[in-house]
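*Asks:* Residue-level listing of the chains:
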Amino acid sequence: MSAPLYDTGALSPGGGLAVALAVGLAFGFLLERAGLGSARKLSAQFQLTDFTVLRVMFTAIATASLGVFWLSRFGVLDLARVYVPETYLLPQLAGGVVFGAGFVIAGLCPGTACVSAATGRRDGMAVVGGLLLGILAYGTAHLMVERFASSTPRGTFTLPQLIGVSHGATLLILILLALAAFRGAEWLESRRAPSA
Amino acid sequence: MRSRPPGDPYASPYLAGVGIGVVLTVAYVIMGHGVGVSGALTSVVGTAAMAASTAPTSPAWDGYATPGVSGLLGDWFVVEVIGITVGGLASAALAGRLRVETERGQGVGVSRRLAFALCGGAIMGIGARLAKGCTSGQALTGGSLLSVGSWIFIASAFAAAYLAAPLVRREWR
Numbered sequence: 001m002s003a004p005l006y007d008t009g010a011l012s013p014g015g016g017l018a019v020a021l022a023v024g025l026a027f028g029f030l031l032e033r034a035g036l037g038s039a040r041k042l043s044a045q046f047q048l049t050d051f052t053v054l055r056v057m058f059t060a061i062a063t064a065s066l067g068v069f070w071l072s073r074f075g076v077l078d079l080a081r082v083y084v085p086e087t088y089l090l091p092q093l094a095g096g097v098v099f100g101a102g103f104v105i106a107g108l109c110p111g112t113a114c115v116s117a118a119t120g121r122r123d124g125m126a127v128v129g130g131l132l133l134g135i136l137a138y139g140t141a142h143l144m145v146e147r148f149a150s151s152t153p154r155g156t157f158t159l160p161q162l163i164g165v166s167h168g169a170t171l172l173i174l175i176l177l178a179l180a181a182f183r184g185a186e187w188l189e190s191r192r193a194p195s196a
Numbered sequence: 197m198r199s200r201p202p203g204d205p206y207a208s209p210y211l212a213g214v215g216i217g218v219v220l221t222v223a224y225v226i227m228g229h230g231v232g233v234s235g236a237l238t239s240v241v242g243t244a245a246m247a248a249s250t251a252p253t254s255p256a257w258d259g260y261a262t263p264g265v266s267g268l269l270g271d272w273f274v275v276e277v278i279g280i281t282v283g284g285l286a287s288a289a290l291a292g293r294l295r296v297e298t299e300r301g302q303g304v305g306v307s308r309r310l311a312f313a314l315c316g317g318a319i320m321g322i323g324a325r326l327a328k329g330c331t332s333g334q335a336l337t338g339g340s341l342l343s344v345g346s347w348i349f350i351a352s353a354f355a356a357a358y359l360a361a362p363l364v365r366r367e368w369r
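Residue numbers (the working numbering), protein chains in the order written: chain A, 1 to 196; chain B, 197 to 369.
Hints listed in this document are in silico derivations from the structure and should not be mistaken for laboratory results.
Treat the hints with caution; some may be incorrect.
To be clear about the criterion: a stretch of chain B counts as covered by chain A if any three or more of its residues have a C-beta under 8 Å from a C-beta of chain A, and this derived list gives those stretches [what the hints assert, rightly or not]:
no.: 1; region: 221-227
no.: 2; region: 289-299
no.: 3; region: 331-340
Not everything, but these chain B residues come out facing chain A in the computed CB check (under 10 Å) [as the list claims (entries may be wrong)]:
no.: 4; residue: 207
no.: 5; residue: 210
no.: 6; residue: 217
no.: 7; residue: 232
no.: 8; residue: 236
no.: 9; residue: 242
no.: 10; residue: 256
no.: 11; residue: 317
no.: 12; residue: 325
no.: 13; residue: 356
Chain A residues, not near chain B, derived (Cβ > 12 Å throughout) [what the hints assert, rightly or not]:
no.: 14; residue: 40
no.: 15; residue: 176
no.: 16; residue: 180
no.: 17; residue: 187
no.: 18; residue: 190
Backbone N, C-alpha and C define an ideal beta-carbon position, used for all residues, glycine too.
Just chain B, with the same shape it has in the complex (with noise of 0.2 Å):
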């Protein structure tokens, strides 16, 4: 078994729990709403379907597509989620964490673990627009506002993923 990961150790999940909460809280003091991920993808994929097409208006990216690259460099969540990928890579670079490789279980395959990264993603994308946002905007912006919807988003996502997780046991071994 692999002993410990390289770079230096993770911070404490509780110490990084409290400054995603205090984030939080600064963005619904400052803006009046959350963080979310899943719906500045959706501005992307839909500026991008919208330009790649002739029809005028599509409604399933109505309130997401933007006129073009400007336009999505105008929208809140994709700055966000823009920071998000910089804020990320700037941790992991001064902890010594960053490397190009394919994260898997001993045995697994490079190309299979690919496969299930890319299923599993566009399951998830599939699933976050059903419930109109992912573990940030709905579990913990929804989740922090205390929405029943977004509670019932929690509960049924970790029912499913416990269920679903004897499936791909081995895929982490």
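The following block holds chain A by itself, in its conformation from the complex (with noise of 0.2 Å):
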């Protein structure tokens, strides 16, 4: 167990920089080539015409859950010492709605407007600017929302643990619904082919 190598120190403070560098630089790569820096392109997911957001999300989540699981496997990944994101039940779903409302209204998300105001939209710099000012506002009311946000705290919670079978066997099924999903997908989209 070698990795995570950087808090073992084989990595500098502005090595962990230039690492950040280079995933932003292939993140952002990734996401203009598959056209997620299109609000046209991410807007036809949510009518039901084009669904390269669900194929690129689900294949990425599958390939790095996959990734993880097999580096752990084979004894080259701690996976107890990379930071699983803490579950919040209440504050998520709330939190969850709310963004989606916003999502489809903005047509953009915050990491593909940086994207979209990048290779030069002005409708993906408004989201951005719009995101700025949500989180000014957010912040600025915190005290009144402080409680609500940090409620039903679970901590580091997974589903293997919340369905009670193996990290395996959770992938399995994970899979398995990307699959149907991926076939449900194009199913949708030959039904509704573009009129042009």
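With the hints as a guide, bring the two chains together.
*Replies:* Put into structure tokens, the structure is as follows:
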């Protein structure tokens, strides 16, 4: 178990920032490659005409979750030292609803808005501006929402713990769900083939 | 109806997805954490708010605000978001997709589209703070690490987006 490398001291803080830049460069490049710098393309996901968002996201999640599983199985990666975003049941349920509504109105999410803005799109720049304003508003109202925002904490809580099956079996279910979603997407796209 | 957007055709979404999955895995192996965008934007807002305010500290920006611009450039997620922006720019330039425009549906004015973008962005910003992450930090990172809260976020965000989608359908006709 040698990974994660950063907290073993194998990497200086400056080296960590170089990794941040490289990770960001690759992430932004790949988002734009797939067409996810386009609000038209992201919006088509919600109008059920183009499922690129679903395909990219589900494939990325499946790939990374398999990578983590096998690297940990082979003793390369110590999973206990990887930071898993903590669970807060109600804030994440409510935050997701608010986020999803904003997403469909904006046509872009935070990462794709940065890509859209970088490629010269004014609507992408406006989404980034809106995000900064929303975050400022939330911070200003912090004392009012703090109690709700930190309610129903469950710490590090994962799907295998929730459904009571092994890590590997959870991934098998996840991958079968992804394959079913891809088939469903193809079927919906063929039904609603663009008239042009 | 407009045919194909200008520039090269887009890459396969499966190929791009595998690539993003590999990038995430590399981040876990080297850094021990994944990616994030809304947290980096919170650092920028918090740093600016703290610099503008006379109050010494505000709990809202704890863990995000840094002492000035030099501190921001030492923030892992801020540097990562700079990378995302430059990476997106490089990909669009190589594919001939760089152009100043306002992407919008037929018959939708520029100011109407920009108003939707600004308001939608603001609503998303509030949602992301409440959920402690966005599509990057919760959906991709937390989703691939099988966090229950992240999957709640994915489910509720997509459910809300689909429920609201008919209301904005004509924005993209």
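*Asks:* So, for every hint listed, does it hold in this structure?
*Replies:* Here is how each hint holds up against the structure:
1. 221-227: holds (count 7)
2. 289-299: Holds, because 8 residues of the region 289-299 of chain B bring their Cβ atoms closer than 8 Å to Cβ atoms of chain A.
3. 331-340: The restraint on the region 331-340 of chain B holds, since 10 of its residues have a Cβ under 8 Å from chain A and three suffice.
4. 207: holds, 4 Å
5. 210: holds, 5 Å
6. 217: holds, 2 Å
7. 232: It holds, given that the least Cβ distance between residue 232 of chain B and chain A is near 9 Å, below 10 Å.
8. 236: Hint holds; residue 236 of chain B Cβ to chain A Cβ min 9 Å, cut 10 Å.
9. 242: holds, 7 Å
10. 256: Residue 256 of chain B check passes; min Cβ-Cβ to chain A is 4 Å, inside 10 Å.
11. 317: Holds - the Cβ of residue 317 of chain B comes within 10 Å of chain A, reaching about 2 Å at its closest.
12. 325: At 4 Å from the nearest chain A Cβ, residue 325 of chain B passes the 10 Å test, so the hint holds.
13. 356: With a minimum Cβ separation of about 3 Å from chain A (threshold 10 Å), the hint on residue 356 of chain B holds.
14. 40: violated, 6 Å
15. 176: holds, 15 Å
16. 180: About 15 Å separates residue 180 of chain A from the closest Cβ of chain B, which puts it past 12 Å; holds.
17. 187: Nearest chain B Cβ is 16 Å from residue 187 of chain A, so the label holds.
18. 190: With a cut-off of 12 Å, residue 190 of chain A remains clear of chain B, as the shortest Cβ separation is near 16 Å.
Going down the numbered hints, you'll see the structure goes against just number 14.
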